[in-house]
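Given the sequences, and given the hints that come with them, work out the whole structure.
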Amino acid sequence: MAYSDKVVDHFNNPRNMGSFKKDEDGVGTGIVGAPECGDVMKLQIKVQNDTIVDAKFKTFGCGSAIASSSLATEWLKGKTIEEAQQIKNTDIVQELNLPPVKIHCSVLAEDAIKAALNDYKKKAEDNK
Amino acid sequence: MEQKPTVLPKRTELHMARSMCWHCQSEVTGEYFCEQCVKVQPLSKELDYFTCLGLPRLLNIDLEALEAKFYTLSRSFHPDFYHNKTDSEQAISLGNSALLNIAYRTLKDPIQRAEYLLKLEAGSAKDIRTSPPADLFEEILALQEDLEEYRQAAPSQNQAALEPLKAKLASDREQLEQRQREMELRLADLFNAWDLLHAQAESAPVDDRLRKERETILKGLRELLSNRTYLRNIITDLVAVMA
Numbered sequence: 510m511a512y513s514d515k516v517v518d519h520f521n522n523p524r525n526m527g528s529f530k531k532d533e534d535g536v537g538t539g540i541v542g543a544p545e546c547g548d549v550m551k552l553q554i555k556v557q558n559d560t561i562v563d564a565k566f567k568t569f570g571c572g573s574a575i576a577s578s579s580l581a582t583e584w585l586k587g588k589t590i591e592e593a594q595q596i597k598n599t600d601i602v603q604e605l606n607l608p609p610v611k612i613h614c615s616v617l618a619e620d621a622i623k624a625a626l627n628d629y630k631k632k633a634e635d636n637k
Numbered sequence: 163m164e165q166k167p168t169v170l171p172k173r174t175e176l177h178m179a180r181s182m183c184w185h186c187q188s189e190v191t192g193e194y195f196c197e198q199c200v201k202v203q204p205l206s207k208e209l210d211y212f213t214c215l216g217l218p219r220l221l222n223i224d225l226e227a228l229e230a231k232f233y234t235l236s237r238s239f240h241p242d243f244y245h246n247k248t249d250s251e252q253a254i255s256l257g258n259s260a261l262l263n264i265a266y267r268t269l270k271d272p273i274q275r276a277e278y279l280l281k282l283e284a285g286s287a288k289d290i291r292t293s294p295p296a297d298l299f300e301e302i303l304a305l306q307e308d309l310e311e312y313r314q315a316a317p318s319q320n321q322a323a324l325e326p327l328k329a330k331l332a333s334d335r336e337q338l339e340q341r342q343r344e345m346e347l348r349l350a351d352l353f354n355a356w357d358l359l360h361a362q363a364e365s366a367p368v369d370d371r372l373r374k375e376r377e378t379i380l381k382g383l384r385e386l387l388s389n390r391t392y393l394r395n396i397i398t399d400l401v402a403v404m405a
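Line order of the protein sequences matches chains F and Z. Residues in the first sequence are numbered consecutively from 510, following this note's numbering. Residues in the second sequence are numbered consecutively from 163, following this note's numbering.
Each hint should be verified, as a subset may be incorrect.
Straight line, CA to CA, 27 Å or less: simulated BS3-like cross-link-like pairs of lysine-lysine [as the list claims (entries may be wrong)]:
id, chain 1, residue 1, chain 2, residue 2
1, Z, Lys-270, F, Lys-623
2, Z, Lys-247, Z, Lys-231
3, F, Lys-530, F, Lys-555
4, F, Lys-531, Z, Lys-330
5, F, Lys-637, F, Lys-588
6, F, Lys-597, Z, Lys-231
7, Z, Lys-328, F, Lys-530
8, F, Lys-530, Z, Lys-330
9, F, Lys-588, F, Lys-623
10, Z, Lys-231, Z, Lys-270
11, F, Lys-623, Z, Lys-281
The hints are simulated quantities; they were obtained by calculation from the structure and are not laboratory data.
Quick look at the structure:
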């Protein structure tokens, strides 16, 4: 099965690849993996006043996993924590036209978002 | 969480799609064929692969016996022997052959066999929760970064400046491969532990201790199988970049 144009585009021109310092203020980090294929995804958000001002990712895995996380960072920017919580893997599947065998890549991206948000919240809580 | 009622099935029972022969309506007593009218019987689509091949749910399998059983059954179901039979029989022959092939392919490979057993025993693999290996992820990310650095620098820089990084990656690789070997040993231990548990469950009532033991083994398997995949991927990347 061929990758959709959008997947190829994200794969060739990944948006927001890179990373923040983990201990930086307002940064939440989520690292997740897919045991089925061994892909590992790191997704980070930078939050100011409850809004995600920047997001970065690093994914080591297949094209769909890279595209899913690249898209996720694009979507995250400008969203509030509350809004970011609502991003579902099915949205990613739809946008990228992922075939059934690649749905787990979108699940991975959703998990990474959740993990990053949780990490941010936990850090914010600890700093109170 | 849904718990499977038994530790293991006490004996391998063949579950035909129905208990009555589709052709002569007598009760099916034979294994794969009706003993009354000798017609081939459809294997139930829900039949698990172990039962399909007449095996107990063990992780150590005699591969020669498995192959022999597969060939025997292949011959009895093969569509070539049904081309002048009725449409129903041809359909059954096709369906049974397809199931048999996938059952054999899955059980032949120890990793696929273990993954499959996990799926059977633990429902979906997610039912048995394992915490993600955070340390391993960190390690992989750090290694991937080193690899990236090497990948970018390798074509341009002079080789001498690259030596330290190259040496580090080589020793990382050695260390990872060592861990991979240890994992294979632990996997073999878990295979044995599972089979031992299976034998115990056959001869004694299933109590809390056995149930707990079962959970521990399944959890260990799940963890090991997924960590194994992560490790394999990073080693593959390492080997590819260093080549």
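A quick look at each hint next to the structure:
With a CA separation close to 38 Å, the supplied pair Lys-270 (chain Z) and Lys-623 (chain F) exceeds the 27 Å bound. A distance of roughly 24 Å separates the Cα atoms of Lys-247 (chain Z) and Lys-231 (chain Z); the hinted pair therefore holds under the 27 Å criterion. About 10 Å separates the Cα atoms of Lys-530 (chain F) and Lys-555 (chain F), which keeps this hinted pair within 27 Å; it holds. At roughly 24 Å between alpha-carbon atoms, Lys-531 (chain F) and Lys-330 (chain Z) fall within 27 Å of each other, so this suggested pair holds.
For a cut-off of 27 Å, the pair hint linking Lys-637 (chain F) to Lys-588 (chain F) stands: about 23 Å separates their Cα positions. Between the alpha carbons of Lys-597 (chain F) and Lys-231 (chain Z) the distance comes to roughly 46 Å, so the proposed pair goes past 27 Å and is violated. For a cut-off of 27 Å, the pair hint linking Lys-328 (chain Z) to Lys-530 (chain F) stands: about 26 Å separates their Cα positions. Between Lys-530 (chain F) and Lys-330 (chain Z) the alpha-carbon distance is near 24 Å, which keeps this suggested pair within the 27 Å criterion.
In summary, the hint linking Lys-588 (chain F) to Lys-623 (chain F) is supported, as the alpha carbons are separated by about 14 Å, within the 27 Å threshold. Taking the CA atoms of Lys-231 (chain Z) and Lys-270 (chain Z), the gap is about 12 Å. The hint holds against a cut of 27 Å. Only pairs whose Cα atoms come within 27 Å are accepted, and Lys-623 (chain F) paired with Lys-281 (chain Z) is accepted, the gap being roughly 26 Å.
Of the numbered hints given earlier, the model fails hints 1 and 6; all others are met.
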